[in-house]
Amino acid sequence: MAELDLIPVWISLKTASISTIFTFFLGLAAARWIAYYRGRGKGLIDGLFTLPLVLPPTVLGFALLLLFGKHGPLGKLLLKMGTTVIFSWWATVIASTVVAFPLMYQTARGAFEQIEPNIESAARTLGASEWATFWRVTVPLAWPGIMAGIILSFARSLGEFGATLMIAGNIPGKTQTIPLAIYFAVAAGNNAKALGWVSVIMVISLVSILLLNYWKRNVHLYMKH
Amino acid sequence: MLEVKIDKTLPGFNLKVAFSMDQEILSIVGPSGSGKSLTLQCISGLMVPEEGYINVNGRVLFDSSRRINLPPQKRKIGYVFQNYALFPHLSVFDNVAFGISRQNRTEIETRVSYLLEKMRLGDYKERYPRHLSGGQQQRVALARALAPEPAILLLDEPFSALDTQVRGQLERELLTIHEFYKGNIIFVSHNLEEAYRLSSQIAVYEAGRILQFGPKSALINAPASKAVATLTGARNLAEGVIESLDNHQATVLVTDWNERFLISLSSANSYRPKQRVTVGIRPEYVCIIRERSCENMLRATVVEAVDGISTYTYRFKALNGLEKEFHLESEVSKLSAAFIPAGESCCLQLPANRIFIIE
Chain U
1 MAELDLIPVW
11 ISLKTASIST
21 IFTFFLGLAA
31 ARWIAYYRGR
41 GKGLIDGLFT
51 LPLVLPPTVL
61 GFALLLLFGK
71 HGPLGKLLLK
81 MGTTVIFSWW
91 ATVIASTVVA
101 FPLMYQTARG
111 AFEQIEPNIE
121 SAARTLGASE
131 WATFWRVTVP
141 LAWPGIMAGI
151 ILSFARSLGE
161 FGATLMIAGN
171 IPGKTQTIPL
181 AIYFAVAAGN
191 NAKALGWVSV
201 IMVISLVSIL
211 LLNYWKRNVH
221 LYMKH
Chain B
226 MLEVKIDKTL
236 PGFNLKVAFS
246 MDQEILSIVG
256 PSGSGKSLTL
266 QCISGLMVPE
276 EGYINVNGRV
286 LFDSSRRINL
296 PPQKRKIGYV
306 FQNYALFPHL
316 SVFDNVAFGI
326 SRQNRTEIET
336 RVSYLLEKMR
346 LGDYKERYPR
356 HLSGGQQQRV
366 ALARALAPEP
376 AILLLDEPFS
386 ALDTQVRGQL
396 ERELLTIHEF
406 YKGNIIFVSH
416 NLEEAYRLSS
426 QIAVYEAGRI
436 LQFGPKSALI
446 NAPASKAVAT
456 LTGARNLAEG
466 VIESLDNHQA
476 TVLVTDWNER
486 FLISLSSANS
496 YRPKQRVTVG
506 IRPEYVCIIR
516 ERSCENMLRA
526 TVVEAVDGIS
536 TYTYRFKALN
546 GLEKEFHLES
556 EVSKLSAAFI
566 PAGESCCLQL
576 PANRIFIIE
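Chains U and B, in that order, give the protein sequences. Under our numbering, think of the first position of the first sequence as 1, with each following residue one higher. Under our numbering, think of the first position of the second sequence as 226, with each following residue one higher.
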């Protein structure tokens with residue numbers, strides 16, 4: 001077997017980690033908002049937030065390209081600030097974040113909605129601000145669900161291919177993540193090289209799923225300490 | 226001092242109540258869905274009335290006309306939820322300490338320890354709520370609500386989730402809380418007996434309205450309406466006409482029973498002769514006697530006799546000589562009388578000072 005090029009592994013891990021951090025905060029904020037939202041259009045907003053989960057990644061990639069491209073609204077803004085994200089490493093993070101966001105959002109929202117509303121009301125009557133109630137009561141109670149969301153988002157980011165290819169391209173050493181490296185290795189007929197990366201990504205994904213199951217099984221253990 | 230005026234509309238329901246109270250225990254009693262819990266939610270700020278005014282010890286928490294609406298965080302109100310709503314991820318100590326805003330760690334420890342000692346929870350500091358019995362959880366909820374020294378304590382059906390054996394003990398504990406917690410307590414219940422034992426004032430709710438509010442004895446001895454009489458268990462009601470009256474008593478021809486009765490009156494009353502009224506008496510005040518000897522008597526036949534633990538409950542048919550049947554109920558202590566089987570006739574005496582009149 002040819003010697004394994006570890007640079008895509010490193011890029012993949014870095015991209016997945018950073019995008020998971022973004023997904024965590026964005027997903028949590030969106031979930032908190034929708035779980036407690038009592039206004040109109042709740043179903044529509046929820047649908048928009050969940051859309052990246054069901055759309056083909058190429059559609060997302062195309063949409064991001066329109067948004068961040070030279071003529072896109074965000075692209076123009078960035079250009080004025082003297083920078084561009086298309087075909088840069090940050091593009092891999094953006095693609096991964098968008099694709100993984102619904103997983104974080106959905107699991108966190110489900111976890112928030114499971115919480116007995118009186119427990120949060122109790123915190124408020126005891127003087128805890130909305131912010132304190134969220135971080136000291138809501139998040140700890142929803143933690144098993146949030147943890148599952150984090151692991152799912154990380155795994156999804158790691159496997160991201162379509163949208164990344166469209167807005168970040170396949171630049172070795174810069175935007176070439178494991179899934180891209182595998183695709184181009186196979187396309188070039190270099191199966192041995194692809195196999196190395198396949199085994200790396202399988203190990204990481206398997207560990208993620210084992211972690212997820214471990215967390216799910218220990219929900220009650222967590223609550224008991 | 227608590228002053229409350231609330232007008233709150235929810236889909237298919239309107240709550241419109243007003244009352245005030247001093248340093249005492251007030252019970253709100255009524256069937257489920259009558260707006261009892263909603264009242265507590267409005268006082269605590271968890272719900273916002275469309276209109277109203279809430280003032281605790283001179284501090285205005287809510288005033289729709291002046292657009293004042295303090296959030297629940299700023300109201301300083303202790304709330305014990307029906308299911309206790311303890312924080313499952315925090316220990317007993319941390320649950321109680323949650324609402325204490327003081328910075329100093331030793332001060333917090335002193336306060337929490339004091340409350341846990343008061344609630345006999347000293348040995349459970351490190352435990353988590355799910356390891357506690359229902360009664361212990363309730364005591365933690367009480368300690369947690371009292372920890373920030375609230376101006377008023379709200380208890381939403383605190384005994385509904387408990388076994389009968391634990392209830393009695395916790396009721397007594399609640400009364401001891403009132404000894405060291407010098408504030409208003411509002412207690413919501415659907416059990417009148419419980420409310421009567423625990424409080425000095427009672428508000429009877431039905432369908433979002435207060436039917437009667439006042440000292441608990443007035444509720445039992447002088448219900449303001451038929452609805453209150455029925456809700457408080459004064460099940461013997463009948464129609465009648467006042468024939469004559471003076472300052473102390475009235476003679477009423479109870480047409481349903483076809484019999485005249487003397488009824489004691491409080492000095493302040495506005496009844497007139499010939500006025501149509503409803504009279505009533507609680508089943509436990511209906512005496513059964515063997516011979517026809519004195520006034521306020523009614524002949525009746527037992528149609529149903531129930532042998533209870535400490536009382537016999539009878540259902541009588543009034544022997545009124547009328548075509549229409551009227552029934553009365555009586556509850557007699559087993560100590561005072563022997564069991565009377567169904568079918569037997571006897572005399573019922575309705576004491577003049579136990580019959581009440583509803584206009």
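Keep in mind the hints are simulated off the structure, nothing from the lab. Every residue, glycine too, gets a C-beta built ideally from N, C-alpha and C. Check the hints yourself; a few may be wrong.
Stated by the list, open to error - Computed list of chain B residues with no C-beta within reach of chain U, every gap over 12 Å: (1) 244; (2) 282; (3) 284; (4) 298; (5) 307; (6) 308; (7) 312; (8) 319; (9) 320; (10) 345; (11) 406; (12) 509; (13) 528; (14) 549; (15) 570.
Unchecked claim - Label pairs and their computed distance ranges (CB to CB): (16) U:113 with B:291: 57 to 65 Å; (17) U:140 with B:276: 35 to 43 Å; (18) U:53 with B:450: 54 to 62 Å; (19) B:285 with U:210: 52 to 60 Å; (20) B:288 with U:82: 50 to 58 Å; (21) B:319 with U:29: 23 to 31 Å.
Cross-check of the supplied hints:
With a minimum CB-CB distance of about 21 Å to chain U, residue 244 (chain B) clears the 12 Å threshold, and the non-interface call stands. The Cβ of residue 282 (chain B) lies farther than 12 Å from every Cβ of chain U, with a closest approach of about 17 Å, so its non-interface assignment holds. The beta carbon of residue 284 (chain B) sits about 15 Å from the closest Cβ of chain U, which is more than 12 Å, so the claim that it is off the interface holds. At the 12 Å boundary, the C-beta of residue 298 (chain B) falls inside the reach of chain U, the nearest C-beta of that chain being 5 Å off.
Chain U draws residue 307 (chain B) into its interface by the beta-carbon criterion, the shortest separation being 8 Å against a cut-off of 12 Å. With 12 Å as the threshold on Cβ separation, the claim that residue 308 (chain B) sits away from chain U is violated: the shortest Cβ distance comes to roughly 7 Å. Under the 12 Å C-beta cut-off, the non-interface status given to residue 312 (chain B) relative to chain U is violated; the minimum distance is some 6 Å. Remark: the non-interface label on residue 319 (chain B) conflicts with the geometry, its nearest Cβ contact in chain U lying 10 Å away (cut-off 12 Å).
Separation of residue 320 (chain B) from chain U is inadequate, the least Cβ-Cβ distance of about 9 Å not exceeding the 12 Å criterion. Once the 12 Å rule is applied to beta carbons, residue 345 (chain B) is consistent with being away from chain U; the minimum gap is 22 Å. With a cut of 12 Å on Cβ distances, residue 406 (chain B) stays outside the contact zone with chain U, its closest approach being about 16 Å. Distance to chain U confirms residue 509 (chain B) as a non-interface residue, since its nearest Cβ pair spans about 38 Å, more than 12 Å.
A cut-off of 12 Å between C-beta atoms confirms that residue 528 (chain B) is not in contact with chain U; the least separation is 47 Å. For residue 549 (chain B), the condition that its CB be more than 12 Å from all CB atoms of chain U holds, with the nearest at approximately 51 Å. Listed as outside the interface, residue 570 (chain B) is consistent with that label: its C-beta sits roughly 56 Å from the nearest C-beta of chain U, beyond the 12 Å cut-off. Residue 113 (chain U) and residue 291 (chain B) have their C-beta atoms about 36 Å apart, which leaves the hinted 57 to 65 Å range violated.
Checked against the hint of 35 to 43 Å, the pair residue 140 (chain U) and residue 276 (chain B) passes, with Cβ atoms roughly 38 Å apart. Between residue 53 (chain U) and residue 450 (chain B), the C-beta spacing of about 59 Å keeps the proposed range 54 to 62 Å intact. Range check, residue 285 (chain B) to residue 210 (chain U): about 58 Å between beta-carbon atoms, so the 52 to 60 Å window is met. At about 55 Å, the beta-carbon gap between residue 288 (chain B) and residue 82 (chain U) stays in the expected band of 50 to 58 Å.
At roughly 26 Å, the beta-carbon separation of residue 319 (chain B) and residue 29 (chain U) lies within the given 23 to 31 Å, and the hint holds.
Consistency note: the structure conflicts with the earlier hints numbered 4, 5, 6, 7, 8, 9 and 16.
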